[in-house]
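2 protein chains.
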Amino acid sequence: MKQTWKGSTLLAPVPSVMVSCGRGDTANIITIGWVGIAASHPPKLYISVRPERYSFNIIKESGVFCVNLPTAEMATALDFCGVKSGKDIDKFAHCRLTKADCVNIDCVAIEECPINLECKVAQVLDLGSHHMFLADILGVTVDESLVDDKGRLMLEKANLVTYAHGDYFGLGKKLGDFGFSIRKRKNLKRNRK
Amino acid sequence: MKQTWKGSTLLAPVPSVMVSCGRGDTANIITIGWVGIAASHPPKLYISVRPERYSFNIIKESGVFCVNLPTAEMATALDFCGVKSGKDIDKFAHCRLTKADCVNIDCVAIEECPINLECKVAQVLDLGSHHMFLADILGVTVDESLVDDKGRLMLEKANLVTYAHGDYFGLGKKLGDFGFSIRKRKNLKRNRK
Numbered sequence: 546m547k548q549t550w551k552g553s554t555l556l557a558p559v560p561s562v563m564v565s566c567g568r569g570d571t572a573n574i575i576t577i578g579w580v581g582i583a584a585s586h587p588p589k590l591y592i593s594v595r596p597e598r599y600s601f602n603i604i605k606e607s608g609v610f611c612v613n614l615p616t617a618e619m620a621t622a623l624d625f626c627g628v629k630s631g632k633d634i635d636k637f638a639h640c641r642l643t644k645a646d647c648v649n650i651d652c653v654a655i656e657e658c659p660i661n662l663e664c665k666v667a668q669v670l671d672l673g674s675h676h677m678f679l680a681d682i683l684g685v686t687v688d689e690s691l692v693d694d695k696g697r698l699m700l701e702k703a704n705l706v707t708y709a710h711g712d713y714f715g716l717g718k719k720l721g722d723f724g725f726s727i728r729k730r731k732n733l734k735r736n737r738k
Numbered sequence: 546m547k548q549t550w551k552g553s554t555l556l557a558p559v560p561s562v563m564v565s566c567g568r569g570d571t572a573n574i575i576t577i578g579w580v581g582i583a584a585s586h587p588p589k590l591y592i593s594v595r596p597e598r599y600s601f602n603i604i605k606e607s608g609v610f611c612v613n614l615p616t617a618e619m620a621t622a623l624d625f626c627g628v629k630s631g632k633d634i635d636k637f638a639h640c641r642l643t644k645a646d647c648v649n650i651d652c653v654a655i656e657e658c659p660i661n662l663e664c665k666v667a668q669v670l671d672l673g674s675h676h677m678f679l680a681d682i683l684g685v686t687v688d689e690s691l692v693d694d695k696g697r698l699m700l701e702k703a704n705l706v707t708y709a710h711g712d713y714f715g716l717g718k719k720l721g722d723f724g725f726s727i728r729k730r731k732n733l734k735r736n737r738k
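Those sequence lines, one after another, are chains Z and W.
Numbered by the working numbering, the letters in the first sequence go through residues 546 to 738 in order.
Numbered by the working numbering, the letters in the second sequence go through residues 546 to 738 in order.
Possibly wrong hints are sitting among the right ones.
Pairs count within a copy or across copies, as identical chains cannot be separated in the list.
Claimed, not checked - No farther apart than 20 angstroms at their CA atoms in a straight line, the calculated lysine to any residue pairs in the SDA-like style are these:
#: 1; residue 1: K644; residue 2: Q548
#: 2; residue 1: K551; residue 2: V687
#: 3; residue 1: K547; residue 2: E701
#: 4; residue 1: K605; residue 2: T616
#: 5; residue 1: K605; residue 2: D570
#: 6; residue 1: K719; residue 2: T616
#: 7; residue 1: K629; residue 2: T643
#: 8; residue 1: K719; residue 2: A617
#: 9; residue 1: K719; residue 2: T621
#: 10; residue 1: K551; residue 2: D570
#: 11; residue 1: K665; residue 2: T549
#: 12; residue 1: K718; residue 2: A617
#: 13; residue 1: K702; residue 2: T616
#: 14; residue 1: K605; residue 2: D646
#: 15; residue 1: K665; residue 2: A645
#: 16; residue 1: K695; residue 2: M546
Keep in mind that the hints were calculated from the coordinates and are not lab data.
If we strip away everything but chain Z, and leave its shape as in the complex, we get (with noise of 0.2 angstroms):
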């Protein structure tokens, strides 16, 4: 039934986010796979990039970056900034992206990204092909058109995407939300008495 194979980064689906480091002239963006929330209190995350990108030394020396959620609509600009290098082109003119200010960090953010997570470094591990930036973060812009009257996210709007072996993906059917499982069952007892 199952074939053994060695180990490999099987891990999916996974995020793909636009890294956005640096800012006016040395403003570039890196699309990362390998990302992930690390703590929730203080809120922290990671991102794993190999030494060799350019943006590696512009994280590296300024020590903060942005990770920004990308829409389906832009998943050409979201391949075409992990396959292109930053010292060959300006990404942000070439994908038409927008540069913004971020709030909490002196880094250039990617305004067409609904949301937004400014990030400051906290500790970087050299962990073979990749070095992990393990990050506070600091604080998350959001679009408007993504928060109700009551000031709740309404992130199924915000036609996110996802990556698994090679792939981008949008999201798919609902399957059930956090607590369904018990909920469920708790419902069904109930109509059985």
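With chain Z fixed as given, assemble chain W onto it according to the hints.
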């Protein structure tokens, strides 16, 4: 256009995986969203776990765990293993899941999950609410139904799950594959000639 919020864990979508740990009577499952690839070579991933969770000490003491990728059909079990504690209930029995033996580590795996990543803890970082377990991926087991005649993985057949802001989703429309943005551009140029 944008609202400024305080820092939070608003990365989305993220994976939602079932981490198995222990073996025999101590075997348990914990659903984890704070998970990601840390490096490609050698393959490493992390999971972040709250110290108060039942699985925390099992993983810390055994130094191993298995990341099992659930399918959309398993969404109820996936959610259940995130809201209930192994202190109170045998999750394998309750969810009617089958205990398998990992190949590379002394640890339980979930047979029903089509992909299992066998992990050995290399480093533990105390980050506040969560501790980050950084681990080497020693081996992967893959359901044969996902492998074609040439040994290629057809992961699109796995019907995987992602998680965004409290909701579980299946994967939706394919938006492109890695590198499509520049292939498309080349094709466009060719067509213009």
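A quick look at each hint next to the structure:
Only between protomers do K644 and Q548 lie at most 20 angstroms apart by alpha-carbon distance; the minimum there is 17 angstroms, versus 47 angstroms within a single protomer. Only between protomers do K551 and V687 lie at most 20 angstroms apart by alpha-carbon distance; the minimum there is 11 angstroms, versus 41 angstroms within a single protomer. When the C-alpha separation of K547 and E701 is checked against a cutoff of 20 angstroms, the pair qualifies only between copies, where the shortest distance is 17 angstroms, while the shortest distance within a copy is 35 angstroms. For the identical chains of this complex, K605 and T616 are neighbours neither inside a copy (27 angstroms) nor across copies (38 angstroms), given an alpha-carbon limit of 20 angstroms.
In this assembly of identical chains, the alpha carbons of K605 and D570 lie at most 20 angstroms apart only when taken from the same copy (17 angstroms versus 46 angstroms across copies). Taking CA atoms no more than 20 angstroms apart as the test, K719 paired with T616 passes in both settings, with 17 angstroms inside one copy and 13 angstroms between copies. Taking the shortest Cα distances, K629 and T643 sit within 20 angstroms of each other inside one copy (18 angstroms), while across copies they are farther apart (44 angstroms). For the homomeric pair K719 and A617, the shortest alpha-carbon distances inside one copy (17 angstroms) and between copies (10 angstroms) are both at most 20 angstroms.
For the identical chains of this complex, K719 and T621 are inter-copy neighbours only, at 12 angstroms across copies versus 25 angstroms inside a copy, given an alpha-carbon limit of 20 angstroms. When the C-alpha separation of K551 and D570 is checked against a cutoff of 20 angstroms, the pair qualifies neither within a copy, at 43 angstroms, nor between copies, at 28 angstroms. In this homomeric assembly, K665 and T549 come within 20 angstroms of each other (Cα to Cα) only across copies, at 16 angstroms, whereas the closest approach inside a single copy is 40 angstroms. Taking the closest pair of Cα atoms, K718 and A617 come within 20 angstroms of each other both inside a single copy (15 angstroms) and across two copies (9 angstroms).
Within a single copy, K702 and T616 get their C-alpha atoms as close as 10 angstroms, which meets the 20 angstroms cut-off; across copies the closest is 24 angstroms, which misses it. Taking the closest pair of Cα atoms, K605 and D646 come within 20 angstroms of each other only inside a single copy of the chain (19 angstroms); across copies the shortest separation is 42 angstroms, beyond that limit. Taking identical chains as interchangeable, the C-alpha atoms of K665 and A645 lie at most 20 angstroms apart only when both belong to the same chain, with a minimum of 17 angstroms there against 41 angstroms between chains. Taking the shortest alpha-carbon separations for K695 and M546, only the inter-copy value of 17 angstroms comes in at or below 20 angstroms, while the best intra-copy value is 50 angstroms.
Comparing the model with each numbered hint stated earlier shows that hints 4 and 10 do not hold.
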